[in-house]
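Enquirer: Each chain is listed here by its residues.
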Amino acid sequence: MSTPFDRNLKISGKFHMSKVVIKVEHLSKAYQLGEIGTGTISRDLERWFAKLRGKEDPYMKLGETNDRTIKGGSDVVWSLKDVSFEIEKGDAVGIIGRNGAGKSTLLKIISRVTAPTSGRISGKGRVASLLEVGTGFHPELTGRENIYLNGTILGMRKREIDRKLDEIVEFSGVLRYIDTPVKRYSSGMYVRLAFAVAAHLNSEILIVDEVLAVGDAQFQRKCLGKMQDASTNEGKTVLFVSHQLGMIQTLCKRCIHLEAGMVHAQGPTADVIKGYLETGAKVDEKDMNDILIDSDLDKPAQIRSLRLVDAEGRSKNEFDVFEKRYLEAEVEVKTDRLSFIFYYYLKKNEEIIVCSHENDRDASRLDIRKKGIYKYRISLPVNIKAGTYSFASIGLGIPNQGAIHALENVLEFNLEEYSFDGSLSGYSNKRPGVILSDSEYAVF
Amino acid sequence: MDSHYDWHIEGKSSLLDLKLKEVWDYRDLLWLLVRRDFVAFYKQTILGPAWFFIQPLMTTIIFTFVFGRLGGFKTDGIPQPLFYMAGVTTWNYFADCLTKTSTVFKDNAHIFGKVYFPRLIMPLSIVVSNLVKFGTQMILFLCMLGYYLIFRREECSPNMYILLFPYLILLMALLGLGLGMIISAMTTKYRDLAFLVTFGVQLLMYATTVVYPLSTADSGIRWIIEANPMTAVIETFRYGFLGNASFSWSGLGYSSIFTFIVLVFGVVIFNKVERTFVDTV
Chain X
72 MSTPFDRNLK
82 ISGKFHMSKV
92 VIKVEHLSKA
102 YQLGEIGTGT
112 ISRDLERWFA
122 KLRGKEDPYM
132 KLGETNDRTI
142 KGGSDVVWSL
152 KDVSFEIEKG
162 DAVGIIGRNG
172 AGKSTLLKII
182 SRVTAPTSGR
192 ISGKGRVASL
202 LEVGTGFHPE
212 LTGRENIYLN
222 GTILGMRKRE
232 IDRKLDEIVE
242 FSGVLRYIDT
252 PVKRYSSGMY
262 VRLAFAVAAH
272 LNSEILIVDE
282 VLAVGDAQFQ
292 RKCLGKMQDA
302 STNEGKTVLF
312 VSHQLGMIQT
322 LCKRCIHLEA
332 GMVHAQGPTA
342 DVIKGYLETG
352 AKVDEKDMND
362 ILIDSDLDKP
372 AQIRSLRLVD
382 AEGRSKNEFD
392 VFEKRYLEAE
402 VEVKTDRLSF
412 IFYYYLKKNE
422 EIIVCSHEND
432 RDASRLDIRK
442 KGIYKYRISL
452 PVNIKAGTYS
462 FASIGLGIPN
472 QGAIHALENV
482 LEFNLEEYSF
492 DGSLSGYSNK
502 RPGVILSDSE
512 YAVF
Chain U
7 MDSHYDWHIE
17 GKSSLLDLKL
27 KEVWDYRDLL
37 WLLVRRDFVA
47 FYKQTILGPA
57 WFFIQPLMTT
67 IIFTFVFGRL
77 GGFKTDGIPQ
87 PLFYMAGVTT
97 WNYFADCLTK
107 TSTVFKDNAH
117 IFGKVYFPRL
127 IMPLSIVVSN
137 LVKFGTQMIL
147 FLCMLGYYLI
157 FRREECSPNM
167 YILLFPYLIL
177 LMALLGLGLG
187 MIISAMTTKY
197 RDLAFLVTFG
207 VQLLMYATTV
217 VYPLSTADSG
227 IRWIIEANPM
237 TAVIETFRYG
247 FLGNASFSWS
257 GLGYSSIFTF
267 IVLVFGVVIF
277 NKVERTFVDT
287 V
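Residue numbers (the working numbering), protein chains in the order written: chain X, 72 to 515; chain U, 7 to 287.
So that you can see chain U by itself, here it is in the shape it has in the complex:
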């Protein structure tokens, strides 16, 4: 008898029903949301996309000055601006994905309360939207790298490991997405958690090898930094593009497994909260 109908709405749903087919059916919406974000950003700020460049550039300059000059941090023999730029660019992408995803329910409460579409589309669109910003910042990074290679003949040597780059993007995106979704689900219950996120992400940056190389960490705290899944991502990135960093397959493997677990957990908890989130706002 049930075969007569093609959809059902029930009180309880399976935790593992991730509705991925439905997400696929709504892929046009994903694309249009990305486009909306880009157009809105481009039109709303006076500087427009130039802002994409200014932010990492300023951060790199400040890091070079504070940590490189004043602090005298080692950089694995890599020119300081390049070293920091690599860290800042990758970290920013991850951090943006995480913070924006973590407020997805709050930011879209209005739309979520009026129309149904697979909610997963929203965080996915955030991750893809941020790719545009990341892309422009990568161009800036590559220009800097080119400058150092050609004019300064520095000893940074891009190598075969550069091919891991697409995989690194995927890891960062999914890790940011997964963590963001877990936090977003928690912020529907605890609103003040959202403040902790911005602060927490800042702190987390210092537990990642953004401003120092993994090689300088002594054995006492090294395990903490290595336990951070973003460390292996940034180290691999630096190793591939700049030729010197503490790269290991096991580290990358660890990050991959960590990301996968966080992602699955994130999607499950997100889908659970999404069903009745409207009642709580």
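Isolated chain X (complex conformation):
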């Protein structure tokens, strides 16, 4: 009888095997939580001395003993548990998973920054891993010197850098300042130079953490393009970890979904992402996107809190392109019969102001209210493409007088192309444009 397992075995025949460049077998990684040592020799000596006199451990926290007996030796946390997969040459593979799913641990082990507890990884070809750009950059060294230092840290030989120097400098666009110490660089220039080195690594396997989420949007696109080239044209294998699903979709053909340290699913990107979205809620537990503001007596009216929510009122900072989204604001009015308007400027990718909204158009919405705290729910545009958005400004103003209270560059949120299907190519973020246009056709 042929089980699915049998079929898998058949596929991995000889021809198949030779294409595998990374093979991960039963990889596990445990972290010790319990007290192994106190971290300092003096405390350990104190502890030892206390034990010698028959006293209790001076560094044992109250309740700790009880917890231990209940948990029963659970002071080992498995960050990765029996993870196995194979990656073939030329593949661009995305690794997705929620915080704590083991993505970073997996990346660290493949990058050899830390060792696994058990299991093994076998590989073919040189590996370059980018858990960060610009590792080892020294502020006192010039751009050129840092290219060499960073390049060799990432595993290049000096000769290789000699050959690629012009290309790297050209890609970074900092030619004029290449002999200036990098401490004088703007942060943008610094990142561009650092990324340029990384983009020119001469390796067969490239491991990339979310370092792409740096620099300005234009440079980010340039880097993405370079990475895509690496896998499709140069036959390099790219392993990419991100929680920006849009990016994964653009870059990766295949995907591995980690959940609680185990491989939850793997396969074509679209399928895996679909499954990923179906598991678990996306509510942000940390409420990172909630802004609370203390009361300020000088202001006749002010915003006290701001957050982004979905249709069910759940706090979020990541939405599907087609999902309804709202801005919730609490406004405190301290003067009776104050007439003011609410406004926001929405911007995309730190570049373009997408729209500026003011609620003064509709006379009925002009706020003339009594003292008190009022809660607003303001719907946000849904006809905009995927990307990173934030509010250039949110505030209260009095017509013809100006702003009373304004908050600038707040509430960043992402729109992702989760619920996308290929037939909507005009809506895709890959095409130019900011808004989604759903023009209707009348054919005569």
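Be a bit skeptical, because a hint or two may be false.
[What the hints assert, rightly or not] In silico BS3-like links for lysine-lysine, alpha-carbon gap of 27 Å or less: (1) U:Lys27 with X:Lys195; (2) U:Lys49 with U:Lys112; (3) X:Lys152 with X:Lys90; (4) X:Lys94 with X:Lys442; (5) X:Lys235 with X:Lys160; (6) U:Lys18 with X:Lys94; (7) X:Lys418 with X:Lys152; (8) X:Lys94 with U:Lys27; (9) X:Lys297 with X:Lys152; (10) X:Lys235 with X:Lys297; (11) U:Lys49 with X:Lys195; (12) X:Lys229 with U:Lys195; (13) X:Lys293 with X:Lys324; (14) X:Lys418 with X:Lys293; (15) U:Lys278 with U:Lys25; (16) X:Lys122 with U:Lys195; (17) X:Lys293 with X:Lys395; (18) X:Lys297 with X:Lys324; (19) U:Lys25 with X:Lys195; (20) U:Lys80 with U:Lys195; (21) X:Lys254 with U:Lys49; (22) X:Lys229 with U:Lys49; (23) X:Lys160 with X:Lys254; (24) U:Lys18 with X:Lys195; (25) X:Lys324 with X:Lys345; (26) U:Lys112 with X:Lys254; (27) X:Lys235 with U:Lys80; (28) U:Lys195 with X:Lys94; (29) X:Lys195 with X:Lys324; (30) X:Lys324 with X:Lys418; (31) X:Lys152 with U:Lys49; (32) U:Lys27 with X:Lys229; (33) U:Lys80 with X:Lys94; (34) U:Lys27 with X:Lys152.
What the hints contain is simulated information worked out from the structure, not anything from laboratory work.
Once you've looked at the hints, dock chain U against the given chain X.
Expert: Same frame as chain X, but now just chain U:
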């Protein structure tokens, strides 16, 4: 089947796999790190390389005054400044290698947490970087020696044993490296050990023949001083450059064996700690 792959990552690794070939492959990085250290030091201090001279010079002056003048320590018939300068220069190199290597994990935690390269490169680069400082201090020492030979016609006579100098550098470097790596591995577990190191190195100096010659040590404590591997190194250095010290081949042999054992032990323990050190910081 395994021959298809050219690298493996496993949970356990052989203790004796020192990955020296890999270190060799990364030799360019070693050189660039040395260069970085030098440039950074040169640019960051106001006095720049002049600082390299001031430190041993001041120490020599103070030692001459305190131990030579006030204490009346014997110096084997060698002019006091030369005697102390020889001790200070060599000791400083060893001590610098030791203290800097002992904090290598702490100082480089950021880089180690982000990129893999053979970790041994870092302590090696420290030992080589310090060579630059040692070199400039040696020039100062040689100038002093020249002055005493030509103008003062003192009875110090450099001899054939000067040829052992390169070997002495190697011994100091490897001993500092080995001890430093052992301590660095221990400081990942015990952070406060790092304070003990600075203090310990200071104390150790007095158990070495930096401020007194071995010949003045009486038989009661002589064995302690001789058990210190740096003693033979400094005595040999003084014997070769200044012509009078308690040099013996057996002493030098002892230091060599001691250094070798410490070094192998250091590399093994360093490689073991290096694999999971990132998890503990």
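Enquirer: Take the hints in turn and mark each one as holding or not.
Expert: Structure-based check of each hint:
1. U:Lys27 with X:Lys195: 18 Å, holds
2. U:Lys49 with U:Lys112: 23 Å, holds
3. X:Lys152 with X:Lys90: 26 Å, holds
4. X:Lys94 with X:Lys442: Violated, because 66 Å separates the two Cα atoms, which is more than 27 Å.
5. X:Lys235 with X:Lys160: 24 Å, holds
6. U:Lys18 with X:Lys94: 17 Å, holds
7. X:Lys418 with X:Lys152: 42 Å, violated
8. X:Lys94 with U:Lys27: Satisfied, since the Cα-Cα distance of roughly 24 Å is no more than 27 Å.
9. X:Lys297 with X:Lys152: 33 Å, violated
10. X:Lys235 with X:Lys297: 15 Å, holds
11. U:Lys49 with X:Lys195: 42 Å, violated
12. X:Lys229 with U:Lys195: It is violated: about 36 Å lies between the C-alpha atoms, which goes past 27 Å.
13. X:Lys293 with X:Lys324: 19 Å, holds
14. X:Lys418 with X:Lys293: 21 Å, holds
15. U:Lys278 with U:Lys25: 12 Å, holds
16. X:Lys122 with U:Lys195: OK: X:Lys122 and U:Lys195 at ~20 Å, within 27 Å.
17. X:Lys293 with X:Lys395: Given that 27 Å is the threshold and the Cα spacing comes to 31 Å, the pair is violated.
18. X:Lys297 with X:Lys324: It holds: about 16 Å lies between the C-alpha atoms, which stays within 27 Å.
19. U:Lys25 with X:Lys195: 18 Å, holds
20. U:Lys80 with U:Lys195: 43 Å, violated
21. X:Lys254 with U:Lys49: Holds, at about 12 Å.
22. X:Lys229 with U:Lys49: The hint holds at about 24 Å.
23. X:Lys160 with X:Lys254: Violated, at roughly 39 Å.
24. U:Lys18 with X:Lys195: 20 Å, holds
25. X:Lys324 with X:Lys345: Holds - the C-alpha atoms of X:Lys345 and X:Lys324 are around 14 Å apart, at most 27 Å.
26. U:Lys112 with X:Lys254: OK: U:Lys112 and X:Lys254 at ~23 Å, within 27 Å.
27. X:Lys235 with U:Lys80: 61 Å, violated
28. U:Lys195 with X:Lys94: The hint is violated at about 33 Å.
29. X:Lys195 with X:Lys324: 20 Å, holds
30. X:Lys324 with X:Lys418: 31 Å, violated
31. X:Lys152 with U:Lys49: Violated. X:Lys152 to U:Lys49 sits at ~49 Å, over the 27 Å cutoff.
32. U:Lys27 with X:Lys229: Roughly 17 Å between the alpha carbons, so the hint for U:Lys27 and X:Lys229 holds.
33. U:Lys80 with X:Lys94: Not OK: U:Lys80 and X:Lys94 at ~68 Å, beyond 27 Å, violated.
34. U:Lys27 with X:Lys152: Roughly 32 Å between the alpha carbons, so the hint for U:Lys27 and X:Lys152 is violated.
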